[in-house]
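Peer 1: This is what each chain is made of:
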Amino acid sequence: MTPNTGDLEMNKESIKQGLYEFCCELFPICRSITGDGVRETLHRIREHLPALEIHEVPTGTQVFDWTVPREWNIRDAYILDPDGRKIVDFQESNLHVVGYSLPVDQAISLDDLQAHLHSLPEQPDAVPYITSYYQERWGFCLNHTLRQSLKPGMYRVFIDSDLKDGHLTYGELILPGELEDEIFLSTYICHPSMANNELSGPAVTTYLARWLMSLKNRKYTYRIVFIPETIGSITYLSRHESILRERVIAGFNVTCIGDGQRYSYLESRYGDTLADRVARHVLSHKHPDYMAYSFLDRGSDERQYCSPGIDLPLATLMCSKYGTYPEYHTSLDNLDFITPVGLYGGYELLKACLQCLEANETLMIRVKCEPQLGRRGLYPTLSTRESNAIVRNMMNLIAYADGRNDLLQIADRINLPMWELFDIVTQLKEKDVIEVVGH
Amino acid sequence: MTPNTGDLEMNKESIKQGLYEFCCELFPICRSITGDGVRETLHRIREHLPALEIHEVPTGTQVFDWTVPREWNIRDAYILDPDGRKIVDFQESNLHVVGYSLPVDQAISLDDLQAHLHSLPEQPDAVPYITSYYQERWGFCLNHTLRQSLKPGMYRVFIDSDLKDGHLTYGELILPGELEDEIFLSTYICHPSMANNELSGPAVTTYLARWLMSLKNRKYTYRIVFIPETIGSITYLSRHESILRERVIAGFNVTCIGDGQRYSYLESRYGDTLADRVARHVLSHKHPDYMAYSFLDRGSDERQYCSPGIDLPLATLMCSKYGTYPEYHTSLDNLDFITPVGLYGGYELLKACLQCLEANETLMIRVKCEPQLGRRGLYPTLSTRESNAIVRNMMNLIAYADGRNDLLQIADRINLPMWELFDIVTQLKEKDVIEVVGH
Amino acid sequence: MTPNTGDLEMNKESIKQGLYEFCCELFPICRSITGDGVRETLHRIREHLPALEIHEVPTGTQVFDWTVPREWNIRDAYILDPDGRKIVDFQESNLHVVGYSLPVDQAISLDDLQAHLHSLPEQPDAVPYITSYYQERWGFCLNHTLRQSLKPGMYRVFIDSDLKDGHLTYGELILPGELEDEIFLSTYICHPSMANNELSGPAVTTYLARWLMSLKNRKYTYRIVFIPETIGSITYLSRHESILRERVIAGFNVTCIGDGQRYSYLESRYGDTLADRVARHVLSHKHPDYMAYSFLDRGSDERQYCSPGIDLPLATLMCSKYGTYPEYHTSLDNLDFITPVGLYGGYELLKACLQCLEANETLMIRVKCEPQLGRRGLYPTLSTRESNAIVRNMMNLIAYADGRNDLLQIADRINLPMWELFDIVTQLKEKDVIEVVGH
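Chains as they are written, first to last, in the working numbering: chain S, 2 to 440; chain X, 2 to 440; chain G, 2 to 440.
Read the hints as simulated data drawn from the structure, not as lab findings.
Check each hint, because a few of them may be wrong.
Note: identical chains are not told apart, hence a pair may lie in one copy or across any two.
Cut-off 25 Å, straight-line C-alpha distance, at most; resulting in silico cross-link-like pairs (SDA-like, lysine to any residue) [stated by the list, open to error]:
1. K369 - I244
2. K369 - S239
3. K152 - F65
4. K430 - D84
5. K432 - Y134
6. K17 - H286
7. K430 - G300
8. K369 - G310
9. K430 - R45
10. K352 - T363
11. K369 - E247
12. K432 - R76
13. K17 - G154
14. K13 - G61
15. K432 - N144
16. K17 - Y271
17. K432 - L379
So that you can see chain S by itself, here it is in the shape it has in the complex (with noise of 0.2 Å):
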């Protein structure tokens, strides 16, 4: 099999520039778990991805143990100062306001004010991102400094939301391949303007889609979800819970992929999976100095995906693991914090994810004992010492195609990339020395 190189005239420049400027296009919209924010940005999604499905939950729908929530929009917040100076302003930024706050409008004392108020003492200058979505409440985020300074007094607070019935809102699309058997993508929408920790991975995702659209044969169906976090992963599961459990052969959590630095690996849950399996072959030929981190340290979807008695394959890859580095969660967290490299490099990484999938295969050979590679034209017909080594990969390939292994494990064992066993394989299966037994 040749490798699926359909954006091969994409040009790697443009997906760079793309994957940035379409995070650049989506950080100021005002993201939550539900309501309009999510709503625009599968809109923009759907403008690369035109098959992509939208579809919409209502508020109160049980999935699973949890309940579909509210829908909540907001307009407007800010804090009026004792001078009536606008000291915080959700104009300005989305993470001022603590997601899925109550409406408000009334004076009130710094003092009973500080209840409502979220800093970071030790990143005074950083504003942090806080979300109450299962307790009523409202707040407001600021930066440490300006809390300190502030002056005893009344303070005027104004928020102009709502949190009303509506629906959950996420989008789904299906790129159909021969096989019914399906590999899985998620990442989440539910973020507001921040830009490793959400956004990232729906640009990144967008343009996987859109390289697997331009490739002429798919062998996997693939099912690439833009959900909101943690309660979008439930509803999802529970709507189409045995559907994945059947189909899916790997799956990738794509979040926190946009900054470039130390590429990182979360394992399933008994990280035994052909998703583990594929993320670690790829990392550790692509980034040796990866770094693997135990599902103890979950955190995103990969807690529903990987829960008991849903058990999907699946594993997350990463930059900077969320929580790890000081940005997150974060108004550093903002699009000085990626780049358009590190975007690609995400891109890169999970691509050959999944050209080794679809590549992967049992393969077995057809002779027994040594194939006669001369007479097919596979051997240099003077034997030396050197001729053994030229083809070593071949040989070593042969001798592991005995029907027990995929060619990710035939890969793994004789210690190359799965990418430099492709064209052997090709020239393998035309000679007639292999052939497939399974997929």
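Fit chains X and G to the supplied structure of chain S, relying on the hints for placement.
Peer 2: Quick look at chains X and G alone, frame taken from chain S:
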């Protein structure tokens, strides 16, 4: 399940002192593999454990490959030097006579006497512990300094012992639990005046039994035996083989558990039983510097309990392992060698193992995806960077409560001592989040 | 079982000298994968092993994916320089001609000649060993110093060879044993004048066969083949595939076994066969600094014997592995490179492997708990601190004689060379303590 803490009322200090005093009380008794010393020891144990049953097995009884030997009793023994001075005296220390010595009363030259003397040139101040159960002889043990000072001449040797048909005596205590499945504790009572090996074993086991009796409920039935080493365990096995093989889920051989030095664990024949797992778990959290010994280093009753065809799931727990400390099997293993703190440490170690076994069960989550902990009052309602950490242990437990792991395996997997999970398990059961699917 | 020591009468020194002298005798013969050199070599081997059967397989016979090639014979070859001096002479060393060279007799310019010359710039004093079995050509090999000194002009090249329908020749020796199960030894006889690769292999194998013939009884049947490498093993496999797959329990490819340098082991395809286990066991006790090579480093007939669908349990044992020493496949791999001591070391290594295989069996203890060794005369009657150590090995063997382990596994588990258990096994069988439950 709340951990069984029936001994909270018992004062820690009183247990500590009680353990030590019990060793002091038992120390002077002249024990061997049969005889009145064993009976006397069992009677003293029965004062603590009134339900203890004392069994007598007649001389000549076939027990697997062995025969219960004749019973040995001794009243007095000494050596008079050529001047008529009593230089070696059984009344001073019962170690002075080779165990199972035949009676003797004769004059003997120093040269001939030497063949009957035992001392340790490398430990000139210690009296060695020597026995000859299956070969008839007589002999004396003395310190090497004394032996060196003996002048030629005629000595008088006197041993007032008898070796005749009688019984092998052992004690057995069954503490019934909710289940017929048993936990087995074995300790030995056949050594004369030595403290770590062996009185620490019977003392700690006696107090463990007291603690078990104080529990309001026991999941498992406890089978606790006080036996002569080797021939006693063989005898016991020959009489209870099928019930032991059917019912015992874990057991411990309790010996050398009172010197408070580095803890030691000696594995079962393949090191893969529940007893091994719980021993390693408890030690790795309570005494991470513990010594792990191979079954090749065995030397006590695990030789019988773990022998082929018997295959009990049993490990041996100790402080300084038998055979590894210079005082072992000499008069230096005396009441100064053990300490109240050392004995209590051994008691606590074994108690923790039993508590873990009692609390061990296979758990299964009752909901799909993450349970909504918030509405059950188990999750902080304000989501911050710190809040994930707070519920981390609970969520980790839930993640592996998938019916594949018992609680011990979960604790190992999530790197926590099992006892830190006891409260969490109780909460999750109360909130109907998990259920027991196996014990 | 007492180890088979049939060669105790044979003098160690005479074996050592015999091995080396046999290499010297075979050295001058011009062998290739077919031809009279192979026949001559087999006749010399048959002088030691009269039962050796010599088989001839006609040119054109299909053997799996290959065809038996035409037979090559050569009588003379040389190059005359422009002055008519014989500068390269087959009579001096048969390495000077590329194996399977077509006949030639012509004048040729130095420029044109160069395309037919082979030398090693990095080893200017060595003549390389080159063959071209499956591509018709002619060529000469010479040292690079000489090649550099050649002056322009017309040379004369002469090769008196023929390549025509004939046979591939190999030798086979079957030594029947009590069982139909077979141990397989393979070595090759297709290289011209080189000593470690390859004459050490046939010489050591010949002497092993002599030793096997001297044994009073053999448990296993031995199948020993002397074949041309690659095409010979493929030919042999194609004719005996099913019997080999059914019967062979372990086998060794014997090559490069005479230089006495660091011992080497090359695993089977998955490294998990009985041959691997015994090779690692013997090497780890006899030569703990041995090199373990992956199957990825293979290069000899293990390529065929361990190929998918053939799957013989075979490992390759060597001193310096083929391809790792600078003399390999050059004129420097001569009779100075091997030594009597080196050859004898290889012989001893393989003999130890065969002795371990002969003695290997699954043992089961016949009593429950520890057997009473004392009444069987197997245990010291006086119990001291030292006495446990004395019977430790016996008791350890008994502990794992549970029907789950063969003697090799027991030896590995109790960290002893298997041969230290031979006497103990004999004693325990005689005393009826253990019995054989599988071989």
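Peer 1: If you check each hint against the structure, which ones fail?
Peer 2: Result: hints 3, 4, 9, 12, 13, 14, 15 and 16 break, sorted rising.
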